[in-house]
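If you read the protein sequences in the order shown, they are chains A and B.
According to this note's numbering, the residues represented by the first sequence are 182 to 413, in order.
According to this note's numbering, the residues represented by the second sequence are 266 to 1253, in order.
Simulated from the structure, these hints should not be mistaken for laboratory data.
Hints may be right or wrong, so weigh each one.
[Said to hold, decoys possible] In silico DSSO-like links for lysine-lysine, alpha-carbon gap of 27 Å or less:
1) A/Lys263 with B/Lys1239
2) A/Lys319 with A/Lys307
3) A/Lys203 with A/Lys407
4) A/Lys407 with A/Lys321
5) A/Lys378 with A/Lys399
6) B/Lys1239 with A/Lys203
[Claimed, not checked] Selected chain B positions facing chain A (Cβ under 7 Å, derived; list incomplete):
7) Pro544
8) Gly663
9) Pro665
10) Pro837
11) Glu1155
12) Ile1162
As the structure is a computational prediction, the values presented were derived from the model and not from experiment.
We treat Cβ as the ideally placed atom computed from N, Cα and C, and that holds for glycine.
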Amino acid sequence: MKTDVIIEGKNVHKTYDTGRIKVQALRGVDLSVKRGEMVSIMGPSGCGKTTLLNCFSGIDDMTEGDVKIEGKSLREMSDNEKTDHRAGRMGFIFQAYNLLPVLTAVENVELPLLVSAVNPRMAREKAIGILEVVGLEKRKNQKPAELSGGEQQRVTIARSLVNNPAIVWADEPTGNLDAETSGQIMELLCRMNKENKQTFVIVSHDPAVGEMADRVLKMRDGVFEKEYVPLR
Amino acid sequence: MTMPNPILVSLFAVILIVIGVLAIRRRVLFKMGVRNFIRHKTHSILVVAGLLIGTSIISGALVTGDSIDHFIVKSTYDGLGLVDVTVSTDRVDFFNESFFWELRNDTGVEEHSDGISPTILTFVSVEDDDSGQFEPVMTFVGFDPSLDRDFGQFTEANGSETYAYDLGTDEVILNGRAADVLNAEQGDMLRISYRPLTLQGGEVLQKQFETKYVVKDEGKGQYGLQANIFVRLDVAQEMFNVSGRINLIRISAPGDVEAGAGNSDELVAAVQDALDSSPDQGLSELSVDAVKKDALEQAEETGEMFSIFLMIFGSFSIIAGVILIINIFTMLAEERKSELGMARALGMRKSHLMQMFLFEGSSYALVAALLGTLAGLFLAATLIFGLNSVFAIGEFGGIPFRFEISSLIDAFCLGTIIAFLTILVASARITNINIVRAIRDIEEPVLERATRRTAILGGVTLALGLVAFFLGYENLIIRLVAPCLALMGFAFVLRRFTSASIAFTISGIAIIAYILHSITTFFEGEMEEMAYLFIVSGVLLVIAAVMIVIFNSSLLVRGVSGSLARIRSMRPIVKTAVSHPLNKRFRTGMTVSMFALVIYTIVLLSVFSNIFSLSVSSELVKQGGGYEIIGTSTIPVSDLNNVTVIDAEGNPVRIESPTLANDVRTFEQIVATYPNVTIDGVPLGGTGGGMMSFGLGRVLGVDNQFIQNNQYVFAEMLEGYTDPHEAWDAIQDNHTNVIVDLSITFAGGSGMQGGNGITVGDHLTIETVNGTKDFQIVGILDQMLLNGIFMTKENAQAYFSDSFTVHGNSVFIFSVKDGADAKTVTLNLERDFRAIGMDTRYLKEDIESMMEMLNSFFLIFEIFLGLGLIVGIAGLGVITIRSVVERRQEIGVMRAIGFRRGMILKSFVTEILFIATLGIVIGTAIGLTVAYEIFASMMAEEDVSFSIPWMHLLTITLITYVASLACTIVPSIKASRTSPADALRYMG
Ligand SMILES: Nc1ncnc2c1ncn2[C@@H]1O[C@H](COP(=O)(O)OP(=O)(O)O)[C@@H](O)[C@H]1O
Ligand SMILES: [Mg+2]
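Excised from the complex, chain A in its bound form (with noise of 0.2 Å):
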């Protein structure tokens, strides 16, 4: 089973209705993404990534259409279900406000691991593992506030990966970063997805995180807009 499909969305709609307007911010998208795949989803600023991002996640109901996250119906799952599946099997890295500011770095990287009631002190060592993977072994004890935005960005693709899940969804993680500092996170990012074969979904409307990807996925207006596989 190689090439099995782990994301599998058919005609996703969304409508976000705020009483006054509606919005369709996704009308019928159509998504497969393998196994250990990484997959960029790029277009400009309100095009509907994030809220595609949310939809085929299950942080977010959609309004028509269905996904299948490793073969289960988000439809069919209650939020609960969902809820636990995000703990065990997803990772996630949002641009900005990823971390909860009270607590340290180790901290907020074995959250994940708690929630899904690992042995604190085994939560611990992992968190403290990846903190090393990502080169944050020094600065375990510190408040995020405490932490550059680099930084702070690697803490959080550290809690991310942390319980070894089957997906990460990213959403622009390098947006608040300069492009140095970009292009050191994407290379980690990149450098998880081979070493882990974890699947990987990067929204980005920064063309560099589009060419780190084995594929690219160009959006407008709330549907594909062209596929591609970039060059290296």
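With chain A held as given, fit chain B with the ligands onto it using these hints.
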């Protein structure tokens, strides 16, 4: 009508004017401030609810005082009617009626009075032959209907009025109370048992009367608020064999019932003049008293005392309210941080921002003070209802709910002033922001080490504290506060060299140690000073303890997560729940302090009420001295086994009591009289007007049998005595030696522990027939059920002779045979000896009902104190609402990485419980420690044991938790319902 306190009103006016002027000068700021007040509804409601408690406590305390004042005033007016001044003997005795005529014909007295009447006032035992009911003690008033004209008429049940000129020689008037206890109706035949002056020993006379009138408890019918029987003066004189003599003259000053009191000074002077110039030699013992005026002054004092008492206890809640204001304003400022930074960047001055907060705060303060004043009315009504149901004041009509408008104005002004001053300080503090950090909404950095400036400031505080300590050493408050101030200053100096947690922990521990030391060394001043020390030390202790806990948060987190982490699913919840409050040290510290302060007072009160109740009940049981029943007879008899009643027809009938013969093992007979007793010139309990006092100044003459048989234990004996018998021997050997019971040490004291300092070796001054004599206390009995000043029967008779015969009485203590039911014996003895007015009490039952009363009384106060918890809980509510908004994105992240909805809810609940628990634990710990220190230093030698009412404390804790959750569950649920997609989008 009383006037509002001018200082409070003018301060309030100043505040209003300042706000008014500022508002006009800066209309925009005023608008912004008031709009902010209106903008957040739930938030504003909680803030106002928290703030109004302080004012409601002030207003409730004042109004309760008003009501009690009014109650005593009303009882005074009712009980005295038109009587303003009395002339009576303190040494209950009779004097010549001719003095009444002298007064009546005196031009000075004439000018300053509008009524004067001669009276005999004494006590008799009454039996209603028609209803079969009897009453051992009833007030018996001999009056002259025509001379009594000026004191108004009696009102019959049907409403018709009468002066009772037609009252016959064998007829009486019963007032409503008397008719009630006897179940009597008009026409009933009454048998009155009494003892004339000339008769002594075992004989009692009886006389039959017909009930001519049953009158309402109105006007003079309710004289003294007692169950009264009125007869003609000449009849009373004949019965008691005192023709031409009386024991009371009642005089009315010009004006009606209320106005008379104000005119009584001149009257007293005129009567005193007449008394001094009277040729009658037998008047030297007479005293002239402005009874109404004195009672009214007492009323005001009592009411005020009650208000102060409530406010002292309530002050912790008021302080908690002040903390709430500071806390809320700090949060408001945080919430609007970027807004404020922007405003500052655009050119608004600090003072402008401050004014804006001031306007908003004043809106809260005014609304809260207004509602709080009104809530205080409700609070007072509840308190009074509680007091009425605990104490059987019902028979006097109960304490009515009354308030003076001036009290409400005072409460409103004081409430506003306190809130306003707090807001002023809070506004100054929060507008001190860094513009850049504010705009970018960056947390203020927590400096580990103090800056040079802070350190110098700390040094100055340290020096100031030390100087104040040495200069103001005599003032106990300064002696208490100054070292704590110095230690706080020291902490800031220390912080320059070491971490905050070490500095504050050291100074916190030192402060706690110093205060505990102070409590054991110098907390025994006057009651008033003691109260302030109690408040200040409580606040300081709480601050120090909270400081220690908050600055050692990492230990705490480890401890809490360590213990709760046993439950796997709780681990991530505990981690996030505990981290948040410990990250916001100031906010958390404040909220914890609010809880701790209130819990502290409740714990202190409940521990002491518990110790007090336990000790009282165990003491009292132990105090019986081997006897179960105490009986007091209105008519003194020398031998209970040999009492003869000469009935109305003149036939002697010996009293036979099968109960006394069969069910009583032994009993002691003691003679009692009520002379004038003073200690260092201060009278001991005695009252004028021939009324019986509570027995504080009672002399008990005991015989040899009692001395041999009694098993009473001594609390204290003169140095050198080892055995109780030595003390008893001492009163036999030396006629100026006396033994007293424990109650004497409570006389005149105002605290729970009587503060009069009377001890063995002290001297009592007692008026005897041979003039005033000094007596030395050689022993204090460890009991107060049989209270009085003990001397031998022979001595008592020698010192007080004939006063035993009319106004003295006999006291009997009975020990019941095994197998006999003490309760039945009690009732039977009262019935068998009704002719001598035997009033019996079953000690065990007495103690039980007294305990019940005490406990309910304490409970009422605890509930009153518990109101302060509302402040803390409202504070938690505000924090929670704020946290939900503040942590939206965090909640989004948590949901995304796998926190279920329920886990978010649990996390909030855990956090709330955590804060509440910190407060409860700190408050309880300090409360118990202080209680123990006070106990150890002041009560340890009285063999009372320290015990903690755990169940009670647990109940308080549970109530606190439930109320805290009830108040925070809605925002917590709202937090858990946050959609992660929406929350994460917040960041844009
Ligand atoms: N909660 C919401 N309510 C209303 N409209 C929304 C909401 N979230 C997103 N939108 C709209 O949906 C569209 C897609 O947004 P988004 O997925 O955030 O785009 P992107 O991530 O590509 O910048 C935008 O037009 C945006 O304004
Ligand atoms: Mg986006």
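Comparing the hints with the structure gives:
| no. | hint | in the structure |
| --- | --- | --- |
| 1 | A/Lys263 with B/Lys1239 | holds (20 Å) |
| 2 | A/Lys319 with A/Lys307 | holds (15 Å) |
| 3 | A/Lys203 with A/Lys407 | holds (26 Å) |
| 4 | A/Lys407 with A/Lys321 | violated (42 Å) |
| 5 | A/Lys378 with A/Lys399 | holds (24 Å) |
| 6 | B/Lys1239 with A/Lys203 | holds (25 Å) |
| 7 | Pro544 | violated (94 Å) |
| 8 | Gly663 | violated (56 Å) |
| 9 | Pro665 | violated (56 Å) |
| 10 | Pro837 | holds (4 Å) |
| 11 | Glu1155 | holds (5 Å) |
| 12 | Ile1162 | holds (5 Å) |
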